[in-house]
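Top to bottom, those sequences are chains A and B.
If you read the first sequence in the working numbering, its first letter stands for residue 1, the second for the next number, and so on.
If you read the second sequence in the working numbering, its first letter stands for residue 1, the second for the next number, and so on.
Don't read these hints as lab results, they were simulated from the structure.
Just so you know, even glycine gets a beta-carbon here, dropped at the ideal spot from N, CA and C.
Wrong hints could be hidden among the right ones.
To be verified - So these bits of chain A aren't anywhere near chain B, every CB distance computed over 12 Å:
#1 Glu107
#2 Ala158
#3 Asp218
What the hints assert, rightly or not - Think about it this way: if two alpha-carbon atoms lie no more than 27 Å apart in a straight line, the pair counts; the simulated BS3-like pairs of lysine-lysine are:
#4 B:Lys231 to B:Lys184
#5 A:Lys99 to B:Lys396
#6 B:Lys184 to A:Lys99
#7 A:Lys99 to A:Lys85
#8 A:Lys85 to B:Lys184
#9 B:Lys217 to A:Lys85
#10 A:Lys99 to B:Lys309
#11 A:Lys99 to B:Lys393
#12 B:Lys255 to B:Lys309
#13 A:Lys141 to B:Lys309
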Amino acid sequence: MPLIQVKDLYKIYQMGNVEVRALDGVSVDIESNEYISIMGPSGSGKSTLMNLIGCLDTPTSGDFFMDGVNVATMTDDELAHIRNKQIGFVFQTFNLLPKSTSLRNVELPLIYNGSIKASERKGMAISALERVGLGDRTHHKPNELSGGQRQRVAVARALVNDPAIILADEPTGNLDSKTGEEIMALFDDLHQQGNTIILVTHEEHIAAHANRVVRLLDGKISEDVLTHRAK
Amino acid sequence: MKSFFWENLRIALSELWAHKTRTILTGTGIVIGIIAVSLMSTLINGVDGLFENSMKFLGRGNLYVEKWPWFGDEDWWTLRNRPRIELEMADEILERSEYALVVATERGRSANLSYNELSAENIFIHGVTANYPEVSTVDVEFGRFFTGSEDRTGTQVILLGSEVAKTLFPLENPLDKLIFAGSKRFRVIGVLSEMGKFMGAFSQDTQVLIPMETFNKIFHGPWGMRRITVKVPEDHVEDAKEELRGVVRVLRGLKPGEKDNFAVNQQDSFRQTYQGIKMAIGGTGLIITALSLLVGGIGIANIMFVSVKERTREIGVRKAMGATRSQIQGQFLIEAILITATGGLVGLIVSTAVSLAISKFLFPASMSFGIAFMAIGLSVGVGLFAGLAPARKGAKLDPIEALRYE
Ligand SMILES: Nc1ncnc2c1ncn2[C@@H]1O[C@H](COP(=O)(O)OP(=O)(O)OP(=O)(O)O)[C@@H](O)[C@H]1O
Ligand SMILES: [Mg+2]
């Protein structure tokens, strides 16, 4: 049974009398421990798909199964639980809390975890920040960080709770190629450890880290191929 | 669950700290409400104590046969034209009444007192029978009360209220000194213990006591207070009152159908009137409290709605990171409760200070533990009530909508 199963998914926005088909019948199965790049032109529906897989959004129609369970049947608390424990989300627009320090931002998923003691949280958050090279920026607020640093705080926040699935929407978009490669090395590492990784990117060399590339065009899958990395 | 409480408390504290002015303005309504309710209860408690203290002078089981009723709305002229109370009825009353234990008579009027160069003006001269101590709480501090034979023979002896004694004898021992009351000379045989004020006005300490017969001999004419005080068993006051009315009607020769031309007064009528006043004060206080808590609560609900709106994106982020509805709801509820509880605490501190000042300068009024407990409970309740709708609204937000909110 696939870890994630998307069946004929539609997300349609009705803007007055214009219909925007952000997702126009997408079906895809993702196995556990896959490493997938989602590519496609701007506006093709990549973020929309990520939000749905991340259990943040609800489709207009179609089914979406997580570990065999239809997400549409889940209660609010079950969804919150999945978002907290199963999924680490790196948003395209970061979505950090502007008034909180990097440390507090990274601690956030741990706070809602419920089974992690307050005393352990800080240490876990610091080591996550160290992994993205921001061990010296723990007490900076988002507006005291560069764009790339904010992006790395967002990555650290996605990793800190050790989720099974990492959803990263252009995680290297604001980074120079060296820092970008460092972050990608982190993802490669997590993949090695058995995690499932789905990332959105516009860059072929980033996409090349994955072993499968899914291309979207106008809300439809135009190509779904295994890369040379896949064995 | 416990860890969220601390986390939510931490968030609420930093949020309220970030909007200090707003927090203070919002909390003010609660502060006023809590001051109103706790001060009102404290005052009522204090006045209650004062009242009970005053009532001690009257004695629960005493009935007073007088011309004027203490309370009531009878026509003034009718009352005015009633015959004065014949104190001679006292013996007959004792004989005919089943309930009467002691029957004493009292008269009174004011006069000036003097001793050497010192004088005390407008002092209430209270003529009483020798059994007066049995129907009152009067207490001789030093010296002695007069005897029955001193009363019968009209001896010119006098007992001074504590204030009077201080005025006339600031340095000397008043016992056995001769003082003037009007134009007559009296020998001081005792000084009464300090008793405090009756209902905060008439002080027992500024009166003097002389034997009834002496009073009759010296002060002629119809003026002044006169009454027959009948002591009855405390648990039969109502029956005894009816019986006493009957006895006096017979002694006065009233026919059936004729109205009473005298009054039988008792402590309970004070009590009833006092209860009425107390209800009025309490009711007013309750309305003020309810209104200010209501207005304060609406203000808090309003500011919480604003806060939820302002922090829509934050709610989105928290939900995306796995916050449940109840966790978000708790966050805003704690914030609302924190405002009201702090307001309640401030209100309590202010009213404690005010009641301390009242105790010091006016009358004993102390903030009880129960009142403090109620005030805090009430303010937490208002916070819970006011915060619920905004908190639920925030908790129900759709995560992706909230994240997109600008
Ligand atoms: N809330 C919304 N209301 C209306 N239309 C929307 C909404 N969100 C997305 N869309 C539309 O859906 C389409 C897909 O958007 P999406 O954000 O998924 O694109 P994307 O592939 O992530 O693009 P990019 O590479 O620029 O991030 C776009 O045409 C966008 O205008
Ligand atoms: Mg996008």
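Hints and how they fare:
no. : hint                 : in the structure
1   : Glu107               : 9 Å, violated
2   : Ala158               : 10 Å, violated
3   : Asp218               : 21 Å, holds
4   : B:Lys231 to B:Lys184 : 32 Å, violated
5   : A:Lys99 to B:Lys396  : 23 Å, holds
6   : B:Lys184 to A:Lys99  : 90 Å, violated
7   : A:Lys99 to A:Lys85   : 25 Å, holds
8   : A:Lys85 to B:Lys184  : 102 Å, violated
9   : B:Lys217 to A:Lys85  : 103 Å, violated
10  : A:Lys99 to B:Lys309  : 16 Å, holds
11  : A:Lys99 to B:Lys393  : 22 Å, holds
12  : B:Lys255 to B:Lys309 : 82 Å, violated
13  : A:Lys141 to B:Lys309 : 22 Å, holds
Of the numbered hints listed earlier, those contradicted by the structure are 1, 2, 4, 6, 8, 9, 12.
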